[in-house]
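Protein chains: 2
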Amino acid sequence: MNKDFFQGYKGEALKILKKFNVRVWGIAEIDTSRGLFKGTVLPRAENDDDKHIVIKIATGYNIGVATNTIKTIKEIGYLKANYKIPEQEFPFTEHLPNVKLIGTGGTIASRLDYRTGAVIPAFSPGELYGAVPELADICNLDTEKVFAVFSENMGPDQYKQLAIAIGKEIEKGVDGIVIGHGTDTLHHTATALSFMVQNSPVPIILVGSQRSSDRPSSDAALNLMHACYAAGHGDIAEVCVCMFGPTSDEYGFLHRGTRVRKMHSSYRSAFRTLGDTPLATVRVGEVKALKNNFNHRRKDRNVEIYPFFEDRVSMIYFYPHMHSDTIDSLVDLGYKGIIIIGTGLGHVNKELYPAIERAKEKGVAIYMTVQTLWGYVHMFVYETGRELLAMGVIPLENMLPEAAFIKLGWALGQTNDLEKVKKIMLSPVIDEITLREPYNGYLVYQGGVPEVEEFIKKFRK
Amino acid sequence: MNKDFFQGYKGEALKILKKFNVRVWGIAEIDTSRGLFKGTVLPRAENDDDKHIVIKIATGYNIGVATNTIKTIKEIGYLKANYKIPEQEFPFTEHLPNVKLIGTGGTIASRLDYRTGAVIPAFSPGELYGAVPELADICNLDTEKVFAVFSENMGPDQYKQLAIAIGKEIEKGVDGIVIGHGTDTLHHTATALSFMVQNSPVPIILVGSQRSSDRPSSDAALNLMHACYAAGHGDIAEVCVCMFGPTSDEYGFLHRGTRVRKMHSSYRSAFRTLGDTPLATVRVGEVKALKNNFNHRRKDRNVEIYPFFEDRVSMIYFYPHMHSDTIDSLVDLGYKGIIIIGTGLGHVNKELYPAIERAKEKGVAIYMTVQTLWGYVHMFVYETGRELLAMGVIPLENMLPEAAFIKLGWALGQTNDLEKVKKIMLSPVIDEITLREPYNGYLVYQGGVPEVEEFIKKFRK
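Chains as they are written, first to last, in my numbering: chain R, 1 to 461; chain E, 462 to 922.
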C-alpha cells in the first residue's frame, strides 16, 4: 500500500498495520488479548511511541491499543472523506476589525483534536473559514503559528516568545489578538502573559477547547467565535482567557489572566475565576463587563513587554508529616525561589522549620499561598504562622498558587535582590492580589436544599 | 509581680512585660516603630518564640508584636474575669446516648482559640457544659485527650493512635465518637481514619471550628452540637467530618471522610464534599441523609482497625517546565511512593519522563491525580497520558490528591509488593473512587446571571 496510508506510524505499529493491510482512516476490528476493539484508525503526529495503534471508538474517545496485545486486525470500512475540511478563501470585510490568531501547537478547529495524533489541520484562515464560517462575520482573520508545543510541555521560553510576538503584532496595528492554546496550562500561560505584556491597547485573548471538534458536544467553534469577538470588538484590553461559561452554551466567560484556574478535568465549563468575579460574559455581538476596573481599548500602539523568567523556581504542596529533606534537596539543587502551598491560613509542620531557615540563610526566596484556593493567607493569627513569618516566609494574600509560581519566576528573572523581589511580589500588576473576594466567587453547594436544586436545574435546561 | 501574671512568656518578651509592668489579660497600648497597637495581652502556650508579645485586637484577631519594635507599653485596663468559664457537673440523663469526645490538642470550646496561645480550657465535661450547656440535652458526654498536637503537625503516628483509641472506645460500648481537631488537616486525618477504621458499628465524627469561640461569629458551639447529635443519634456509622453547612448557620454537613476538602482559608463553610454529594445535613434533632449508600449503625461491637502507614511517601504538584531533579531527588532520598498531581486529565511535561522511568526502575510506586480537583484522570485520551501509562504511572480515577497521598501511605504500610499496593489503591474502601460525579458537586458560578444571583442572595439571608 501507499506510504500515505500509514501516516505517522513507525516501528512495531507500522509493521502490524502493513501485515494486516489496515489503513489510517480504516474502520478496524482489532482482536487483542484484552478483548475486541472497534474504531477508526487515526494518523499520528508528535509521536515517539511505536507501540500503539490509536483508534477513535464510538464514544468519541481515542484509545491506544498496545501492539504486543494484538492478535489480528480486520479493516471493515474506510472513512477518510468524512474528515475533510473544505477550504475557502477567508473573505475580507472593510468594516470588520482585524484579528490575529497566534497558534501555539496543533489546530484550534481541526475535525479531530490535534493532540490525539489525528490531525486534519484547520489553522490557515481558509481552513478555519471552512470549519467555522461564522468567523467571517466577526472579523478579518490572519493566522500565524509561533511554535507547536503541547500545553503541558510549555514553559518560560514559550511565554517569552509569545510576549514578543504579541508586542510585534500590536506594533503592526491589529485590533485584537487571539492565542490558541491547550487547556492543561492555559491558566499558567495567561498569568505569565499578564505580567510580561502590560498596558496593552488591544485585547489579548487566550482560547482552547475541552472537547475535540469532531465530537458533537465540542466547545471549540463557540470558544473561538467568542474569543474573536472579544478580541476584535471588546473594550477589555487585557490578557484574558475566553472559555465556556456556565454548563449550557449560552455564553462564554472572559477571565482575568491572573485569577483563572482550570477546575474540572473534563467539563467544558472547566475554567473558573477564583476569588473574584469574571471580567465579562461574551456572546457574539456583546461583551458584557461584570467588573469596572479593567484596561480600556486605546488607539495608540504603546505596550510594555517584560519577557523575563528565572527557571529555578519550584512549588511545594504541603502534606502532613512532610520531611525537611524535600526542601533541603531543592536548596541543594540551586532553586532560587519556592512557593509553599500551605494548609489553612498558610501553615506547614514544625518539621520543615530547620529546612526553611536554612533555605532563607542561603538566600532562597520563600513565599506562602493556601491550598484551599479560596481565601487569604493570614499568618499572624496562629503561632505557626507567626513562627513562619519570623523565619522570613512572606505571605501572598489571595494570590493563586499558580499565579504566585509564575510571578516569582518573573520577579527573579528581573533581579536577584530579594528586597526588590518582595516589592514586585507584593505590588499587584493586575489583580493577582485583591483587597477582598466577592461572596459569589466561592463554591456554593446547592444539594440538600430542594428549592435551590430545582432552580438550578431549570436554569441549566 | 507574681509569676502567674506572665503566663507562658519567656526571654525578650518576658523582660519587656516586666519592664513596663504589663500583665497577661492587661489591656495594653504598645507604642512601636510600626505604630500604636492596642489590645489584650494573651498568655502563650506551645511556644518556642520569645520575640513577640501577642495581643487580641478589637477585630477579634490576635497579632504578634515583635519585641524589637517596641518603644513603650502602657497597661490601661485588665480583663481576666471576662474569660472565665463557669464549670458545672455534666448531668447524666438515662435515655440519652453516651458519646465520647476525643481531644487531639487544645480545647474545642475554649473562650479563646487554643492555638493562639490564649488557653482557657473548656474540655472536661464540666467545662464544656459551662460553655455549651445545650450539649446536656443531646447526649451524656465523656472526654479524653489522647494527645495535644496542632493539626498542621499531625501525621501517621497520630492517625494510628487515634485509630487504636477509637477501637477501644467502640469495644467499651459508646454510642458514638466525636474527635475534636484543628481544621488545617482535618480532611487528611478523616481520610486516614476512613482507611484505618473500617466497618464501625457507631458514628465517628471529626469536628473543628474555623473561628475561635470568643468571636461572635464562632462556629465552635454549633459544630460541636451537630457533631454530638450525629454521633449519638445518627444512623451513619462512618468516619465523617461535621462542619458548618452553607453560608448561614441553618444546618451542618456530614462529609464522607475520603471526599472532603478544606476549600476556603477563613469561611466557616470551608469544608466541602468534592465530586460527590455530602452524606447528610445535620440539625440538632435530625440527621437527614442525602445519599443511600452508607454504613448503618449496629448493636454489635465489631470493628476492623488497620493502623498502618509508610512514612516515605511524597506528593508532587506539577508546574510548567518542572525539572527531572525534583523527582530524582525524592527517589535518591528513599521515598517509596509518589502521588503526582498533574494538569488536565493527568499530565506532566516530557522533561519528567526520564525521572519517572528511573523511579519506576527503582521500585517507586507512582500514581496520578488531577489538580483540577473535580473530574477524573483519563490518561488514554492524549499522547502524553498514554506515554505516562506506558511508563507505569497508575491513574487514580477521581480520588482527591490528599486522599491518594493518605491511601498510598496506608497501602505501602501494609506491603512492599507493588502489585498488591496497586490492588489496594484501585479497590475503593469507601468512595475515595466513585463511578460518577453528581452535577451539583461542581462549582457553579452565579455571577452575571441576575435571576440566580437574586435567588441565592435571598436564600442566604
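It should be emphasised that the hints constitute simulated quantities derived from the structure, not laboratory data. Computed from a prediction, not measured in an experiment: that's the story for all the values here. Positions of the beta carbon are idealized from the N, C-alpha and C atoms, including for glycine. Each hint should be verified, as a subset may be incorrect.
Calculated from the model, a selection of chain E residues having no Cβ within reach of chain R, i.e. all distances over 10 angstroms [claimed, not checked]:
no., residue
1, R484
2, P617
3, S726
Derived PhoX-like pairs: lysine-lysine, alpha-carbon spacing no greater than 20 angstroms straight-line [said to hold, decoys possible]:
no., chain 1, residue 1, chain 2, residue 2
4, R, K350, E, K823
5, E, K606, E, K633
6, E, K499, E, K512
7, E, K532, R, K51
8, R, K38, R, K71
9, E, K633, E, K621
10, E, K532, E, K499
11, E, K606, R, K360
12, R, K362, R, K299
Do the hints match the structure? See the list:
1. R484: With a cut-off of 10 angstroms, R484/E remains clear of chain R, as the shortest Cβ separation is near 20 angstroms.
2. P617: 6 angstroms, violated
3. S726: 3 angstroms, violated
4. K350/R <-> K823/E: Violated, at about 30 angstroms.
5. K606/E <-> K633/E: 17 angstroms, holds
6. K499/E <-> K512/E: 18 angstroms, holds
7. K532/E <-> K51/R: This hinted pair is violated, its Cα atoms lying about 73 angstroms apart.
8. K38/R <-> K71/R: Given pair K38/R, K71/R holds - Cα atoms ~14 angstroms apart, limit 20 angstroms.
9. K633/E <-> K621/E: With a Cα-Cα distance of about 19 angstroms, the restraint between K633/E and K621/E holds, given a limit of 20 angstroms.
10. K532/E <-> K499/E: Holds, at about 14 angstroms.
11. K606/E <-> K360/R: 37 angstroms, violated
12. K362/R <-> K299/R: 48 angstroms, violated
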